[in-house]
Every structure is written in structure tokens, then in C-alpha cells.
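Starting from the structure of chain A, add chain B where the hints point.
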Amino acid sequence: MKKDEVPQDRGFSDGVREISYAVDENGRYVLVQSQGWEPKTVANDQAWEVIEEDLREQIRLIKSGKRSPLAYHMTRNLMDIGLLSSYADLPRWRVRRHLKPKVFRRLSADLKARYAGIFGITVAQLHEVPETSEITPHE
Amino acid sequence: MNDSTAIEIPFHHRQSAHCETGVLSNLVSHHGLEISEAMVFGIGSGLFFGYFPFVRLNKLPLTAYRIATGGIMSRTTKRLGIRLEWQKFRSPGKAMAALDRMLEAGVPVGCRTGAYWLSYFPPRYRFHFNMHNLVAFGKNNGSYRISDPVFPDPVDCPAEDLAKARFAKGSMAPKGRMYHVAHVPGADEMDLAGAVRKGIKEVCRSMLRVPGPFIGAKGIRYLAKKVENWPAKLGDRRAALHLGQIIRMQEEIGTGGGGFRFIYAAFLQEAAPILALPVLSELSDRMTEIGDRWRDFAVIGSRICKARASESESYSALAEILRDCADREAALFADLEDAVR
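As they're listed, the protein sequences go chains A and B. Under this note's numbering, the first sequence has 3 at position 3, and the numbering climbs by one with no breaks. This note's numbering runs 1000 ahead of the 1-based position in the second sequence.
Chain B stretches covered by chain A per the calculated footprint, using a threshold of three residues with CB under 8 angstroms from any CB of chain A:
| id | segment |
| --- | --- |
| 1 | 1013-1022 |
| 2 | 1252-1261 |
Label-pair distances were calculated between CB atoms; the ranges are:
| id | chain 1 | residue 1 | chain 2 | residue 2 | range |
| --- | --- | --- | --- | --- | --- |
| 3 | B | Ala1193 | A | Thr122 | 57 to 63 angstroms |
| 4 | A | Trp48 | B | Pro1010 | 35 to 41 angstroms |
| 5 | B | Lys1088 | A | Ser133 | 41 to 47 angstroms |
| 6 | B | Asp1296 | A | Arg114 | 45 to 51 angstroms |
If you're looking for bench data, these hints aren't it; they were derived computationally from the structure. No experiment lies behind these values; they were computed from the predicted model shown. All C-beta atoms in this analysis are idealised placements derived from N, C-alpha and C, irrespective of residue type, glycine included.
This is chain A alone, in the form it adopts within the complex:
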């Protein structure tokens, strides 16, 4: 890749330019900043679309009473039961139970605070779930 070929396409790093290695006019390697590269952005877009679909599905399940809000926050933070149970210092079977609406409602203040702390939100926010329409695909 030549210096003047280093792409400056639509990126996904909020303007943070990353380093590419490219060759100058003399064939010598130099470090060049790149704003983004379309193929790279497409791949990242696709990964986020999968996550967003999953989020919408979780919200549907929560709104239809099949799952607790914990499912939304877990998915929103890209965690599965295994990872969340590590963070919560709880066995997996307990975290799985907390995904049931009835069980979640009866959780101790302590446990709710623990979950909220992991996600960096308040306990009040732990109970909140956005509308599916708010999960918009990024441009």
C-alpha cells in the first residue's frame, strides 16, 4: 500500500485516526494516519447489526413478559450469562433465574445495586428498557 493510497473513507472511530503502514516514493515504510477504510467499516457495521437485532429481540421478550430487564442490560453490555455471572460473582444458574421477570422483581436491593454497578447505571435505570424503535442502526 502506497502512502497516497492510505484510505480516508468513512470510519467508525469517531474521527480518531489509526496508523497504517505504507511505502513512500522511495519504497520506504512510513506510518500514515487513516480515518477509515470502507471494507473495515462494513465488517464492523455488520457486527453491530447482529448486536442490535439481538437487543430488539430481548426488548420484545421483555415487553411480552417473558424476560426481565436484566436481559436487555446484559445484551446491551455485550455480555452473556457466563460473563455476567463472572462480573456479578454469582453462579450461572442464579443469573439465569434473574432473567425471569418474577424473580427479578423480588431481587434484593443489594443484588440490584450490584448489577447496576456492573453496568454503570442506577438501580432505577436497571428497570428501564427502551423501545425497539430507539435501537436504530447507525448510519
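Just chain B now, kept in the frame of chain A:
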């Protein structure tokens, strides 16, 4: 020491392509041994290829373009005679206190962290991977001055976020690991040419002769066979997701472009005068072409991902590019191995 005392060690932040190599290059340079990221990568035998269908990352198979995390740092320091002192901790409190003590003593500290909790990371980069490296070189008002080599300039990270990142959970949890340079060899102590040679030989071996189908040039061919069958075996959507994962491993994780192949070409260029082997410059040019070929793979692959329609022909085209890469890499590493014999 109270919170309002600011510490800032004069640390030269140089933006790099990749975290592990960038951190080592910057830390070691701080201690008087100037060494580029490319040299760290080459001496550390960073270049690799492996396709591991049974290892899942983001629920998809793992494609690795570099050796296992930490491997570059351990090889480079060993081969150059650099000594790093490592510590890990049971609690964030102890880990942050130990960090503060080092900073107060004027010593910049490398930290292993998860990327997810780093608030300065662009949101779409924030995934749960625990193999990130950064340097802390100051503290100001409950916030740390961080030289994160993949960023253009130093950044500030609130203490709570850094603590969370240092104790991220999940696979390869960092457990608060931190390291600093304890010894840097003098010019007479260091066998730079020897280190370069060792670095090259190991990469040649791993790309040419590791048993089994998953690793090296063989691994690339193995992937080619898989890719060809993905539309039929997985359906369009899952095939596209598998493809996307490869592109991400090739380009998103700070590879400098082309799955670290361009960085390796830069290393070969630097190595040529060190080993007094002009042929390494030609091999560098060939490596650059190979990097370009990997980039072609990403371009066509991303078009398939975007179109999402069944493009069996294009999956075949992708497999052909991979086979071309495999052939070129096999030839290049054979010639490289000959050159440094």
C-alpha cells in the same frame, strides 16, 4: 499524597498501529533504547496465521494473524536482554495503589486491560477483549494520563474506568497486571542481529512447518476450502458473518493493514542493513504485495457482506485470493529462511 497533586512523567507518546508492540516500543525508548514498533514485531516473531474453527470469538471462529497475546513482548524482551518486572493483584484497590507508587517514583507503567471499560475508546470499538495494553504516565485529579499507542495523542482516563478495565472479567482476564522496565541493555550487551535472526527463524518455522492443518500457509489453504463452502454449508447470512469476522481480525484490531503483513514488511526493511542482507529489502517488497493481496480479500469480502445475496462465485473468488496468499507466503518464508540460514 493527596488527590490534587498532579503527576506527569515526561513520556514520549508515539502513535503506533498495535497496542502490544506500540507499548513496548514506547516504554523501552523511554528508558533509552530506541526501538521501532516494526522491530519489536519482527524480533518478537509476531507474524502468524491460524484459522481455528473450534475456538470462538464473538461466537464465530477465530482467525489469528499474530501470535498469542503477550508472546511478542516476552520474545522481544528475552531476545534483546530487556527485563520487565510484572505484578498482578487480587484487588483493584491494591493494583491502583501500586500503580500510584510507581508513578510517584517517576516510572511509567504498562497495564494489561480489557478494552470494554475504557471510556476514551470510540464506542464501536468497545468489545470484551482483554488483551489490550497501555501505558500510564501520570495522574491528575482522579484521572490518569494514558499513552494508549493506538491513539494519536495521550488521553485521560478516570480512575474508576481504569480500575474496571484492569480487572475486566472473562477470557484472559488481566487481573490488574502491570509491568515496568527494570533493565535495558547497553549496546555492547545486546545482540541485535542475533535477535533479529531468531525472530525471523521462528516466523518461518511457524508459517511453514507446524504440524496440523490450521497454522501457517497450510492454515490459509484450509481457510480457503472452508470459505468456498460457506454459502452452501451456512447459508448466506451466517456465511457473511463468518467473512466479516475474518475482515475484522485482519483490519480492526490494529494490524497496520493487511493482517500485520505491512508491519512485517517494514521490519524486513529495517532488518536488511542490520543483518547486512540486501535480499531482505526485496523480500520486504514481496511482503508488501502479499499485504495488498490480503487487502483485496477484505475489499471483495466486504462487498459480499454488504450485498448479502448469494454470491457463490464471489466466495470462490475469495478462496482463490486466499490460495494466492498461501502460495506467496509459503514461497516468501522459504526464501526468507534461506536468507538467514
